[in-house]
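Chains as they are written, first to last, in our numbering: chain A, 47 to 232; chain B, 2 to 342.
Check before you lean on any hint, since a few could be wrong.
Just the calculated beta-carbon pair ranges, DEER-fashion [stated by the list, open to error]:
no.	chain 1	residue 1	chain 2	residue 2	range
1	A	P98	B	D158	43 to 49 Å
2	B	T336	A	L164	21 to 27 Å
3	B	R217	A	R132	25 to 31 Å
4	B	D213	A	G115	19 to 25 Å
If you are wondering where the hints come from, they were derived from the structure by calculation, not from laboratory data. In this text, a Cβ means the ideal position worked out from N, Cα and C, and glycines have one as well.
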Amino acid sequence: METVGEAVVSPDTKGCRWAFEAETRSPGETRDLARAVGRAAGDGLVVLLSGPLGAGKTVFAQGLLEGLGVAGRVASPTFTLVNEYRARLPAWHIDLYRLDGEADFAAIGGDELLLGGLGVVVVEWAERLGDLVPAEHMRVSLALPEYGAAPGEARRLSVEVRGRGLKPVADAVARRLESMAGRCPA
Amino acid sequence: MACAAGSRGLVLGIETSCDETAVAVVGRGTEQLSGVVASQVELHAKYGGIVPEVASRRHVEAIVPAAVEALDRAGVSGRDLVGLAVTNRPGLVGSLMVGLAFAKSLAFAWDLPFVAVDHVLAHVYASFLVEPRPRFPFLALVVSGGHTDLLVFENHDEHRVIGQTRDDAAGEAFDKVARLLGLGYPGGPAVDRLAPKGRPDAVDWPDPRLDDAQGRFDFSFSGLKTAVLYHLKRQEALGRGVCVPDIAASFQARVAASLAGAAFAAAKEHGLTRIVIAGGVAANSGLRREMVDRAARGGVQVFIPPIWLCTDNAAMVAAAGYVRLARGERDDLGTSVFSHS
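Could you build the full structure based on these sequences and the hints that come with them?
This is the structure:
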């Protein structure tokens, strides 16, 4: 295990899996981390976001799409289910909040987007996806700290990047966390 | 007879952009003859079978029975229509496709013109279906599960967005706060029912309206949702109980004051004396009351559609489409669907 500031990097299982634990102190920091991912993203990147209401999933998705070069607003897809963007790469922002399971997800064409290898797909409430996940993907679990244990806006992030092709994304996350680790104490 | 029918300006409206399969017959863009909204409840009762909540397959199953029923209830047939209007944006591409393909098929088979309509703009036309009707220009506030838009309408063709949400829509905030409070789905009506039992000033919530360099009349409802979450956590950590009606009442009051405040401020800034509200959140009693109260102070007239025209329906689509059809405009069979406005 190698410690990068507050981020614990457990590399390697043969260069194909990277895991990070981090804490962001504000929505702005979560967004910055996501922006770095967006800038490093290539075709076929699937980002699975999970965590309770208010954990910052949409903030992460907004940052990621900004990093990809989406100009203009990125609104929550909770009701629209899928929002489509044209940027450096095509991107789809999906929200499973209102969906029941894999059958509903397939009904909105989610399985094709997820397994199609085209553009970037960001999925909120990804814990509802079940097994319908490509081998190569990035998983970000966001958690709210216990009340009183940290400043109200702080979030715990567990990031897992799987697949050799996503090394640039893992590197970007590592770099970003390293620079965050150098910040002043709260 | 054909002439007389034509003069009634009957348009068949078709709406499949989200969860509802809706078909309606409207005369001259102002008189609703029939309206069918195939909600899950109705479908289960009438047609039986399992209806997946969002599948475009659901629209496929519902669209023909809904259209037959809309024509039956209006007592008209395809021969009596002057055209068709159908939502083709924004929404789920697969769902929109069902409505558009159906409209094109009817247009081709019955040799009628059809026009494609924007769902958000169509919401505004709900107010043209009841008296008194708004005159142009006016400000429109479209608030629903998926939209929070302030628009200036100069006339039927010229309108521009002057404010929007930067994250969650207003209706989405209602739904998620209802979830946090352990109330049922859909959250808007659940919060609305509970609100009269609580104190509107029980909690001082942050204002979801943003007024900065990015936009004078923008909103962020995500922050308000998170504030409710923190409040609940804090009360829990302090070992205090939570009075759910108080939260519902104060949350609803905050949203209503913010939306209405922004609408009236925007109307003033743009020199408008009429405000039209539309969309599912326009059915919220707190927002309706707030709009009426502010209008009573004078200077601005507000137009609030009846509740059944606030939620998704096809009459508003027919009303919006009639304007173009009446001018002899039509879209061609190559028209497509779009996920964005």
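Hint-by-hint comparison with the structure:
The hinted range of 43 to 49 Å is satisfied by P98(A) and D158(B), whose Cβ atoms lie roughly 45 Å apart. Judged by the Cβ atoms, the range 21 to 27 Å given for T336(B) and L164(A) holds: they are separated by roughly 25 Å. Judged by the Cβ atoms, the range 25 to 31 Å given for R217(B) and R132(A) holds: they are separated by roughly 27 Å. In this structure the supplied range 19 to 25 Å holds for D213(B) paired with G115(A), their Cβ-Cβ distance being about 23 Å.
Comparing the model with each numbered hint stated earlier shows that all of them hold.
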